[in-house]
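Undergrad: Read off the chains here:
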Amino acid sequence: MNERRVLVVEDEPNIAEAIRFILTRAGWAVTVEHSGARAMACIADMHPDAVILDLMLPGRSGLDILAELRADPALAATPVLMLSARGQGRDREAATAAGATVFLAKPFANADVLAALEAIAAPVPAKGTEQA
Amino acid sequence: MARSALTGTRIRERRMALKLRQADLARAVGISAAYLNLIEHNRRRVNDALLEAFAQALGVEPVSLSEGAESALFESLREAAAGAVGPGRAEEATTAPLDLAEFERIEEFVGRFPAWARVLAARQARVAALERVVETYSERMAQDPFLLDGLHEVLSAVTSLRSSAAILVETPDIEPEWRARFLTTITQESLRLSGAAEGLVEYLDEMEAEEAGPASPQEQLEAWLETHAWHIAEFERPDPPAPEDLIAQAPELAASAARELARGYLARALADTRALPLKPFLAALAETGPAPGPLAERFGVPMACVFRRLATLPEGCAGVPPMGLVVCDGSGALTLRRPLPGFGLPRATAACALWPLYEALSRPMQPLRVAVEMAGRLPQRFLTYAFAAPRGTPRFDGPVLMEAMMLVIPSPLAASAPARPVGTSCRVCPRADCDGRREPSLVAPR
Chain Y
909 MNERRVLVVE DEPNIAEAIR FILTRAGWAV TVEHSGARAM ACIADMHPDA VILDLMLPGR
969 SGLDILAELR ADPALAATPV LMLSARGQGR DREAATAAGA TVFLAKPFAN ADVLAALEAI
1029 AAPVPAKGTE QA
Chain U
3 MARSALTGTR IRERRMALKL RQADLARAVG ISAAYLNLIE HNRRRVNDAL LEAFAQALGV
63 EPVSLSEGAE SALFESLREA AAGAVGPGRA EEATTAPLDL AEFERIEEFV GRFPAWARVL
123 AARQARVAAL ERVVETYSER MAQDPFLLDG LHEVLSAVTS LRSSAAILVE TPDIEPEWRA
183 RFLTTITQES LRLSGAAEGL VEYLDEMEAE EAGPASPQEQ LEAWLETHAW HIAEFERPDP
243 PAPEDLIAQA PELAASAARE LARGYLARAL ADTRALPLKP FLAALAETGP APGPLAERFG
303 VPMACVFRRL ATLPEGCAGV PPMGLVVCDG SGALTLRRPL PGFGLPRATA ACALWPLYEA
363 LSRPMQPLRV AVEMAGRLPQ RFLTYAFAAP RGTPRFDGPV LMEAMMLVIP SPLAASAPAR
423 PVGTSCRVCP RADCDGRREP SLVAPR
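Residue numbers (our numbering), protein chains in the order written: chain Y, 909 to 1040; chain U, 3 to 448.
Simulated from the structure, these hints should not be mistaken for laboratory data. Hints are all accurate, no fakes.
What the simulated footprint calls covered on chain Y by chain U, stretch by stretch (three residues with Cβ under 8 Å from a Cβ of chain U suffice, anywhere in the stretch; the number is not a length):
hint: 1; segment: 916-925
hint: 2; segment: 928-936
hint: 3; segment: 960-970
hint: 4; segment: 1010-1023
Ideal placement from N, C-alpha and C gives every residue a C-beta, glycine not left out.
From just these sequences and the hints, can you work out the full model?
TA: Structure (structure tokens):
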């Protein structure tokens, strides 16, 4: 399967839908998870090629999820694009410290989300060299 | 491309961008090259039919040529599309002019959805204005949970609006269902943004009014106690100073009413310290844990005394979590607020009716231990102990004045243990289905 898969963990349904639309048109297979509490199980299930993770989630902070992800040897290498609606300074630092691959502040330009995702995700595997 | 350009100038610019000769364009719209030349130099007016013909020949929406009155609209939409926000966010602003291809899509958007374009532009102007307000309050916002929630609402709505609008503008071949869907989103989020913006502005206005006057006596006392981390170390000495001496050294207690409050507070704190000396109290605490009941029993002191002592221990005692304390009188007014991170205390308004504090008030002398979950972007759990008793010694010939207290401890309980959902105060509480709600929330339910 050559389609790359991304999990979007975002509690705002309209933001999640817009991201889904943009990424789907760019050739990504997009799964959306609204609950921070279920995010880890979802990541472990689908082993996505990248995760887009909101920092402020009801139930569980994106930073907690990120810390657990980085501590799991099977998932630690997953690239994570962290989104936050709380400015640049502290959140960016906290996200970087927790192991985010890249950080994007809301509101964002659609093209920036796609560009950031493409930058952190591994390139599409060529046909015939499907990963095990 | 100057926004003030007249129709003729815009026709000329567009023609030259397409590398068309005057003669060719003139033939396409059915006029002479000389007449076109006059038009291009803004010396002849262009009627609607001719404008339509020009637009078709130049492959643009008529509105983009007749622009003029619409220039503010275009400017706002460009700001929205470019995310060119107010001062202080320069690193995110796209300052470069939009390229021609992108510009065309904005025109198409205005041409096909003029009403939506105006809604979006109005929202964009509102966002820019709010962002300037927000900028000036940024320091406060780093600490104020009311503002943090309001700002989060605004930013979330703006994020949705910006993404959805950009999708409509940048996806010319969008399927009708998706187009309808994103237009619905724009409607919803516009309303949400309006609500959040109004709430934020109202709150900022009130705050400005509040801060214009001096802080209330209670706030002055609490601010002074905060500088001591709520622990009066001097009272632990064998020869404690008189409360009056401490007050004399406290410039924070500016108002005489604040000094009066401090006198009462410190006299009680000194009595608590004598009733529960630090060393044996900490030793007992190490055995029982921070449970007021066994401690009151062991030392033979009133419950209130243990509550106050627990909430004002020195920082950094091994095994002692930080504790918050709220005290209210019979009217429910909070007379003391020792904050605890994550457990929001209202500034001036009445607190959440679901707090065990108020339950205790209605059930005097009955100790209550209730796990609660404080609403917020990241709900947090706390263990609360609440108790209400008459204040002072009740008299036969006077009304009995009650006082309720609630001690708040970061929850040692498992996340799965049941906890009562509570909030800070209705205005800033996101809980949608709450029997205790007395006024609508400024933050969206979730």
